[in-house]
Amino acid sequence: MSISEVIELVSAFVLIFAIMQIFSDRLYFSVKTYAVQSFFLTLSISTIAVYSGFADLYITALLTFIIKVVLIPFLLFKLIDKIGIKREIEPFININYSLLITGVLVLFSFFLTQKVHISGEVVAREVFPISIAIILIGIFIMISRKKAITQILGFLTLENGIMLAGTSITKGMPFIVEIGIFFDVFVGALMAGIMIYQIRTSFQDIDTDKLSSLKE
Amino acid sequence: MENLTIGLIQFFILVAISPLIKGFIHKVKCYLRGQKCASIWQGYRDIYKLLKKEIVLSSDASWISKVAPYIVLISTLITASFLPVFNSHTLLSFTGDIIAFVYVLALGTFFLALYGMDQGSAFGGLGSSREMTIAALAEPALMMVIFTFALQTGTTNISEIFAKIHQAGFSQFPISSVFALMALLIIALAENGRMPVDNPETHLELTMVHEAMILEASGRDLALFEISSWIKLTLFLTLASNIFVPFGLYNETTFVSVILGIVFFLIKIFLFAIPIALVEISMAKLRFFRVPDLMTFGFVLALISLVVYYL
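Residue numbers (my numbering), protein chains in the order written: chain A, 426 to 641; chain B, 7 to 317.
A couple of the hints might just be wrong.
To be verified - Here chain A is said to cover these stretches of chain B; the calculated rule only asks that three of the stretch's residues, wherever they fall, bring their Cβ under 8 angstroms from a Cβ of chain A:
no., stretch
1, 295 to 301
2, 310 to 317
Said to hold, decoys possible - The calculated lysine-lysine pairs, modelled on DSS-like cross-linking and capped at a C-alpha distance of 25 angstroms, are:
no., chain 1, residue 1, chain 2, residue 2
3, A, Lys571, A, Lys507
4, B, Lys35, B, Lys291
5, A, Lys511, B, Lys291
6, B, Lys291, B, Lys42
7, A, Lys457, A, Lys507
8, A, Lys457, B, Lys291
9, B, Lys35, A, Lys457
10, B, Lys55, B, Lys33
11, A, Lys635, A, Lys507
Read the hints as simulated data drawn from the structure, not as lab findings. In this text, a Cβ means the ideal position worked out from N, Cα and C, and glycines have one as well.
Please build the complete structure, drawing on both the sequences and the hints.
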């Protein structure tokens with residue numbers, strides 16, 4: 426079993442947990458799924474770090490672990506406790522159809538990336554369609570769910586997909602860019618949390634549908 | 007003659023360890039919950055105790071109730087004799103391929119459902135209808151997983167599929183295999199009535215599925231149903247462990263390789279039983295109307311694994 430197969434195996438798990446995000450209808454379960462998904466992303470980045478020997482990638486993996494597996498889920502758990510809403514009751518598209526659409530999205534991204542020719546040395550070719558699929562699933566979560574927390578989770582899933590694509594195809598972006606992205610995501614999640622709390626206090630709900638009633 | 011002996015040994019090992027697997031899963035769950043627990047050999051004692059007791063049948067029961075336990079057991083035993091456990095020479099592999107494997111198991115499920123309705127109790131009918139719903143939803147996903155491996159190896163004969171996978175070493179299609187494995191885990195949980203779909207530990211709950219069908223069974227009938235369900239779980243674990251950890255299935259029939267094969271098989275199957283225990287203690291039972299979502303999840307994973315292999 427070569428190292429690129431190990432990377433493909435681990436990133437397949439990232440995709441599985443992205444699909445599980447669609448399956449869940451409890452907010453706690455969604456956040457836990459996100460944490461596990463980020464954990465597998467960390468594993469994938471560390472494997473690439475071992476393969477390529479770049480010291481930057483070890484730090485990236487460590488930061489991924491600290492921010493995405495520990496800090497962001499911790500923040501979101503606290504947020505769920507604070508606003509007291511535990512369930513995603515009715516998404517725009519029901520879960521059954523969402524799952525089928527997700528399957529189509531994954532197959533579409535595999536079909537699409539078949540035609541793409543990546544020049545230069547690629548660590549693991551099959552990771553590219555997987556990360557495209559994760560990005561598409563993240564966007565799909567953002568548009569198909571009503572609750573603001575699941576929409577944040579969709580955004581974070583999308584970000585994981587970009588991270589996976591970046592590390593597996595190019596052996597990581599320049600270090601300063603990655604630091605920037607990490608703090609962007611972290612501060613983004615923090616601010617979105619505060620905003621959700623504000624939505625909760627003014628509407629007694631975190632249904633973003635209700636924002637459309639903000640008219641003069 | 008040698009092949010026949012090996013086929014018989016595999017068959018008997020599979021049947022003999024199935025109560026042990028059930029006891030082992032129970033033991034792991036108890037350990038993780040910090041409970042005191044029945045011995046790991048409890049399954050054998052239960053079977054022994056039940057076999058001594060007399061059968062009480064409801065006065066509404068027809069001949070179906072008399073034959074159903076035997077048909078369920080026999081269909082499970084036939085599938086057990088299709089499946090290569092630690093050697094590719096099986097007892098009946100020349101008669102049926104992996105599609106027959108699925109549908110002979112389904113015959114057992116069908117008669118179990120008939121038994122549930124035949125007794126004239128309300129619970130049995132409920133259980134049967136739920137079981138048939140779940141079985142109908144799990145079947146396409148299971149077929150997808152099986153077609154994935156049939157395509158990878160170019161045959162539907164179980165022995166050949168296993169032999170080819172073992173020849174190739176650890177899977178050469180990692181993404182496809184991971185998706186198939188997760189799909190198979192979900193299907194195995196649903197088909198065997200394990201935790202997120204059905205609770206195997208209770209006998210009196212409105213939402214039970216498998217236990218509701220055999221609620222009226224007693225004595226020898228109950229023993230046959232119990233041992234069939236344990237063998238079915240062992241069958242799924244053997245299938246998964248031999249496909250996804252392809253070490254230790256030997257083509258040779260020397261004494262040493264057979265012993266090594268048995269040891270490897272036992273290690274693998276107990277390792278594969280642990281995730282089931284972990285899922286059971288960490289998840290609550292799903293609402294029945296959420297089960298189709300879970301099955302769709304399994305189906306989508308299986309579909310992806312099939313198509314990814316093609317692309």
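Review point. Checked against the structure, which of the hints given earlier come out wrong?
Key: none
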